[in-house]
Amino acid sequence: MSITLEQVRHIAKLAKLEFSEPEYERFTRQLNAILGYVAQLDRLDTSAIEATSHLEPAAQALRDDRLQGSVSQEEALRNAPEEEQGLFKVPRVIG
Amino acid sequence: MSGLTGRTIAEILDLQATGQASAVEVCRAHFDRTRVVDPQVRAYRSLRETEALEEAAQIDRDRRAGRKLGPLAGVPVAIKDVLCLRGAPTTCGSRLLESFVPGFDATCVERLRSAGAILTGKTNMDEFAMGSSTENSAFETTRNPWSLDRVPGGSSGGSAAAVAAAEVPVSLGTDTGGSIRQPAALCGVPGMKPTYGRVSRYGLVAFASSLDQVGPFGASVEDVARVLQVIAGHDPRDATSSSLPVPDFLAGLRRGATGLRIGFPKEYFPRGLDSEVEGSVRSALRRAEGLGAKLREISLPHTEYAIPTYYIVATAEASSNLARYDGVRYGRRAAGAMDLASLYLKSRGEGFGAEVKRRIMLGTYVLSAGYYDAYYLKAQKVRTLIRADFEAAFRDVDVVVTPTSPTPAFRIGEKADDPLSMYLSDIFTVTMNLAGLPGISIPCGLTKDRLPIGLQIVGRRFDEETILRLAFTLEADLKFSDSRPPLPILSAGPS
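Sequences listed follow chains B and X, in order. Residue numbers are given in the numbering used here: position 71 of the first sequence equals residue 71, and the series is strictly consecutive. Residue numbers are given in the numbering used here: position 387 of the second sequence equals residue 387, and the series is strictly consecutive.
Just so you know, the hints here were simulated from the structure itself, not pulled from any lab data.
Taking beta-carbon pairs under 10 Å as the criterion, some of the chain X residues facing chain B (in silico):
no.	residue
1	E304
2	A323
3	R329
4	Y344
5	K346
6	I360
7	L434
Here a beta-carbon is modelled for each residue, glycine too, at the ideal position from N, C-alpha and C.
Using the sequences and the accompanying hints, generate a full structural model.
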């Protein structure tokens, strides 16, 4: 399976990344080299094999529903690139 | 005060307990050494000297007041810049997080503080822990203390180099595909990736959540065990952290190698393996046999599929984890974006480096509609086969021994433009992340060019005790720590 320049543009859109023309071409080349390498997995018949998504069965990590401390608004906003009246400020969403 | 660096934890604790040195003096000696050495090695991203000296002074006051002190009281520890440390820049080696200052400690960092450790600063790394050389750091490349024109390995290259150069006695790294063990091997120090679930990942900036694990570097196996003892254990803030009890790692160290069954997988000694690496590891295996261990050649037949499996699983998880960097709540925000969509594109475009973008692209592709089954699901199934290889092997042997890295430290720039060849640096380490197993690298010799060679010991899940025990026994036998990096400034041992 190889990946085309058009697909790379589409993937970039999905990933919220943007590249210059030469970069799109370079990524296409490099991704094809990597995908060519990972294609060796196709040699294995895995039709009867379970997938491993976690190493342990999902942990029972629920705690009692009791109020506990959290991050203050001031703390949460400390790394904000832009804030106003205690809110994260962003450019307009709808033009 | 040069005699206060290059010491083990036990020595540092003893110097303080007997009044030969204060915590402040120990701390200052390491910053003094860092000032001299680090301009060459470039292990640190940032230092917290003022805070560290204040914390050391508090340890000294506590000691004078007769208060109970923790197991690492007054011991300097450096932290990889991917672990949150309250009030200190945590950049992950990325422009995107250049100005990010977390308001909380990672659990492992918090536990080090509670144990009395003095946190010296943050160490350099490949951006978002993606790389095997620190060349992917957005800021600088760390140098290998054994040869300054060579890489220290990565991604935890700064933490490994800082210990190798005696800038700090111990440090923390993280390991997703070999990022503790490979730099440990290249820098000639012990470094351990504990079992997945042994150490909390809370406060570790995520790369691939099913693979990431925090672990220590030290100048000795005993020091690695001492730090592991402090950071291990269940944490309700990490749903994948194990509630299994943490054994006393120090107690088991001196039990020797008699009767230990060591498997050496033929797939890890392939034709074409660097002859000095192979020779050194095989010679160490013979020493282990001489110490009473039983050797047996084993097979882990799916080994060759580990790297392709890893690069699908790890990039898929990374593309998801790194979706959070949008320039809204923290991290870099590009100037001049007219709407939200272009804010995302520009901020991510400016913030991420080439390798991170490459992996986000690959991960997004293998998860995208129409390709998920062919790539991601397929890789998860092969992951099951790789785990099963180890489960079968551990029915017959107690530990598995392999080379840590297929080559000693390579030259800076040698693999920088060839992602695939860089990925193959981790060929002997990624399997343990896929299988969730603990692994330690210890130095086992030097090449004729005086570059360290690492040997990896892998154990059953949650059996760090046995690999530490063999590592400790071999370390005492191989006496590698008699060798020192050749820089003139580094050659002076403890007085």
